[in-house]
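Participant: Letter by letter, the chains look like this.
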Amino acid sequence: MAEPILEVKDLVKHYPLHQGILFKKQVGAVKAVDGISFELHKGETLGIVGESGCGKSTLAKVLMNLERATSGQVLYKGEDISRLSGAALKAVRRNIQMVFQDPYTSLNPRMTVGDIIGEPFEIHPEVAPKGDRRKAVQDLLDVVGLNPEYINRYPHQFSGGQRQRIGIARGLALKPEVIICDEPVSALDVSVQAQVINLLEQLQKDFELSYMFIAHDLSIVRHISDRVGVMYLGRMVEIGSDEEIYEHATHPYTQALLSAVPVPDPTGREGRERIILSGDIPSPANPPSGCRFRTRCWKAEERCSTELPLLAVPEIGEGPAKHASACHFAAVREPLAAAS
Amino acid sequence: MPDLIEKKNAGIPAQRAESAAEPKPEKARSLGLDAWHDLRRRPIFIVSSLLILLLIAIAIAPGLFTSVDPRAGDLRNHYLSPPNYGHLFQADWFGYDGQGRSIYARVLYGARASVVVGICVTAGVTVLGGLTGMIAGYFGGWVDTLVSRITDIFFGIPLLLGALVILNAFTSRTVWSVVFALIALGWTQMTRVMRGSVITVKQADYVTAAKALGAGTFRILFKHILPNAIAPVIVVATIALGGYIATEATLSFLGIGLQDPTISWGIDINSAQKVIRTAPFALFFPAGMLSLTVLAFIMLGDAVRDALDPKLR
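Listed in order, the protein sequences are those of chains W and B. Taken in order, the first sequence gives residues 1 to 340; the numbers are from our numbering. Taken in order, the second sequence gives residues 1 to 313; the numbers are from our numbering.
Simulated from the structure, these hints should not be mistaken for laboratory data. It should be emphasised that the depicted structure is a prediction, and the values quoted were computed from it without experimental measurement. Hints are not guaranteed to be accurate.
Here are some, though not all, of the chain B residues that point toward chain W, as calculated from beta-carbon distances under 7 Å [to be verified]:
(1) Gly140
(2) Gly141
(3) Thr200
(4) Gln203
(5) Asp205
(6) Tyr206
(7) Lys211
(8) Gly214
(9) Ala215
(10) Leu221
(11) Ala231
(12) Pro232
Beta carbons are placed, not taken as given, at the ideal position from N, Cα and C, and that holds for glycine.
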């Protein structure tokens, strides 16, 4: 396979917990992202799924350098960008952009659409010469399917879907190669979600974009992604192609997650088994020893509490079940595979 | 109808989702403009701003409203009551004070000191408090701790006591020394309001988006945070303006504000209070003018708050 455009190695983000008012003492850390590695290739969409609080958004922020990584590397075309600052960081930002979750808070209400989409050009004046900026902004509006005449309107005059298009246009302005989408459709109405997803797919074809698509809606992730990574409590538990994950999941957490997807077919519902997990997600400040998932896992044994399972291809079977999974007892769950 | 079209074109960039072209480009409406549309229909806003405009006109050119010299005294008119009828806008309309000077002229000329103090102190505290509050709120950490503790120290100084100390240090007190004293003691209120407002705004996604684009601190502070955080400061400043005018009058009344050659409502209220039983009009007019002015600014502040607060919309 070609050289990955973005490579993440052992990325860690801990938020220190302090105690005391005057003399602050570190008493621990919230391990929001705890040793994550993956690759993103050109023109590919990598979906990241996981429940709330598993570190998906923190991962996006660290990749965008909005939060400094505690340790680990983020390689963009082989260059570590996680320690950059100043002009070098600003240059990298041209190539990696972000689309935000909530289109109601991600657009400055005091700026016109033209100013919002034109701001990237003001920050990076080399991208578009001053005289061409208005034209460039109107072109971007056209690309995301909005009327270029709307350039002087304010965000509150638009609907949610239209606002998200404005957010996407802002992300596209610098002609980036990678776009990190942090739940770009979860704040939108279902009918509008499809439009935005289609727009993102069209843009990917037109501009050869690579997406990292964070979401908690499994069906949307399956629709848009080439590969899918499943996160639990700050770690990647399973990663593989969409078929490998959705049809041949080997990690118990992924299996539980998939069994919770509603099936719109009443007859298919009977043949399938729902896995109900007991308990809550443990605190990321004090995660379980060994395997993070062992406190809620029906397969857990003594070994799971002492030995941390690494994300590796298990020695089982052949075909699509052979993909990276962080479980000592990785195996395709037969009823699940049969039901689908 | 646009809904249907949008669905049909579901995200195909070549065709615009909103292909139904507007008949004519609609005039852009910012939040400020919305607030203005809202304000224009409020009687409280209209009344108070007309009063304030009149007051500013008086302050700029009191000579347009009277030809009488407010400092020319004729002792034959010592506490001469106003006439029972007529004499509108005449020298004796409001009567005469103890030195036989026209109270009407003095009330008009006294407006200047009040308006200058009110506007300059408000501008000063807004700029000083706004900047310190923005820095404390945005940078947080030890900067915030430092600014907040300094604010607490100034906040702890009682206004009148502090003003007494500061103004006594001046050998000759002018309007500007009063302005200086009030700014030095009043900026902390704005710092606190601004700090809180900035802390809320800086967590917004559009600030994160600007950072992700590579925007510098200056751009983030002045293009994204300031315009969104300033509304509560404007409201507090408008309401406080009336308070500063009242404080100036209080200081002048106590004899530590402005001094006699300067004309101020506070000075006139002070000299009239000794004769309140024999010549109540000498107290009534400057005090009435003062109350009216303070009331006008507080009403304006109220109306502005209602218009700028999205929760009340």
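Participant: Does the closest beta carbon of chain W sit nearer than 7 Å to the beta carbon of Asp205/B?
Facilitator: 4 Å, holds
Participant: Does Gly141/B meet its interface restraint, that is, does its C-beta lie within less than 7 Å of any C-beta in chain W?
Facilitator: Given a least distance of 11 Å, the restraint on Gly141/B is violated.
Participant: Taking the closest Cβ pair, is Pro232/B under 7 Å from chain W?
Facilitator: Because about 15 Å separates Pro232/B from the closest Cβ in chain W, which is outside the 7 Å limit, the hint is violated.
Participant: Does Thr200/B pass the interface hint, meaning its C-beta sits closer than 7 Å to a C-beta of chain W?
Facilitator: 11 Å, violated
Participant: Any CB of chain W closer than 7 Å to the CB of Gly140/B?
Facilitator: Interface hint status for Gly140/B: violated (14 Å vs cutoff 7 Å).
Participant: Holds or violated: is there a CB of chain W closer than 7 Å to the CB of Lys211/B?
Facilitator: 6 Å, holds
Participant: Let me know if the C-beta of Ala231/B comes in closer than 7 Å to any C-beta of chain W, holds or violated.
Facilitator: Where the cut-off is 7 Å and the nearest Cβ of chain W is about 10 Å from Ala231/B, the hint is violated.
Participant: Quick check on Gly214/B please, does its C-beta sit within 7 Å of some C-beta on chain W?
Facilitator: 4 Å, holds
Participant: Minimum Cβ distance from Gln203/B to chain W below 7 Å?
Facilitator: 9 Å, violated
Participant: Interface hint check: Leu221/B, Cβ to nearest Cβ on chain W, cutoff 7 Å. Holds or violated?
Facilitator: 13 Å, violated
Participant: Does the interface hint hold: is Tyr206/B within less than 7 Å of chain W, judged Cβ to Cβ?
Facilitator: At about 4 Å, which falls below the 7 Å cut-off, the nearest Cβ of chain W leaves the hint on Tyr206/B intact, so it holds.
Participant: Against chain W, with CB atoms and a cut of 7 Å, does the hint on Ala215/B hold up?
Facilitator: 5 Å, holds
The structure shown violates the earlier hints numbered 1, 2, 3, 4, 10, 11 and 12.
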